[in-house]
Amino acid sequence: MKPDSYATKEELKELKSDLSYQIKLMEAHMDTKFAEVDTKIEHSRISTIAWYVGTTIAIVGIVLPVIHFLF
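To convert a position in the sequence shown, counted from 1, into this note's numbering, add 135.
Calculated from the structure, these hints are not laboratory results.
Computed from a predicted structure; not experimentally measured.
There's no promise every hint is true.
Said to hold, decoys possible - Have a look at the derived ranges for each label pair, beta carbon to beta carbon:
| hint | residue 1 | residue 2 | range |
| --- | --- | --- | --- |
| 1 | Val198 | Leu160 | 25 to 33 Å |
| 2 | Ile181 | Phe206 | 32 to 40 Å |
| 3 | His178 | Ile158 | 41 to 49 Å |
| 4 | His164 | Ala185 | 29 to 37 Å |
| 5 | Trp186 | Ser155 | 45 to 53 Å |
Every residue gets a Cβ at the ideal spot worked out from N, C-alpha and C, and that includes glycine.
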């Protein structure tokens with residue numbers, strides 16, 4: 136093998152710093168994505184609770200007049 140095809144210590148240090156920087160960027164990007172997912176889950180939970188409350192009110196609104204009519 137040719138000696139000029141080997142990486143120097145400086146090139147390896149530069150590559151290491153570049154990789155470290157890219158990993159930090161990826162971690163920050165993943166943190167942002169996780170925060171977005173958490174926000175979507177929270178919105179879904181609130182929406183589900185609103186549907187549950189609305190459905191409960193509608194069912195009670197139907198059942199009470201039926202019970203009143205029968206008795």
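Checked hints:
Roughly 57 Å separates the CB atoms of Val198 and Leu160, a value that falls outside the hinted 25 to 33 Å. Between Ile181 and Phe206 the Cβ separation comes to about 38 Å, which falls inside the hinted range of 32 to 40 Å. Remark: the range hint 41 to 49 Å for His178 to Ile158 is contradicted by a beta-carbon distance near 31 Å. In this structure the supplied range 29 to 37 Å holds for His164 paired with Ala185, their Cβ-Cβ distance being about 32 Å.
Separated by about 47 Å at the C-beta atoms, Trp186 and Ser155 satisfy the suggested range of 45 to 53 Å.
Of the numbered hints stated above, those contradicted by the structure are hints 1, 3, listed in ascending order.
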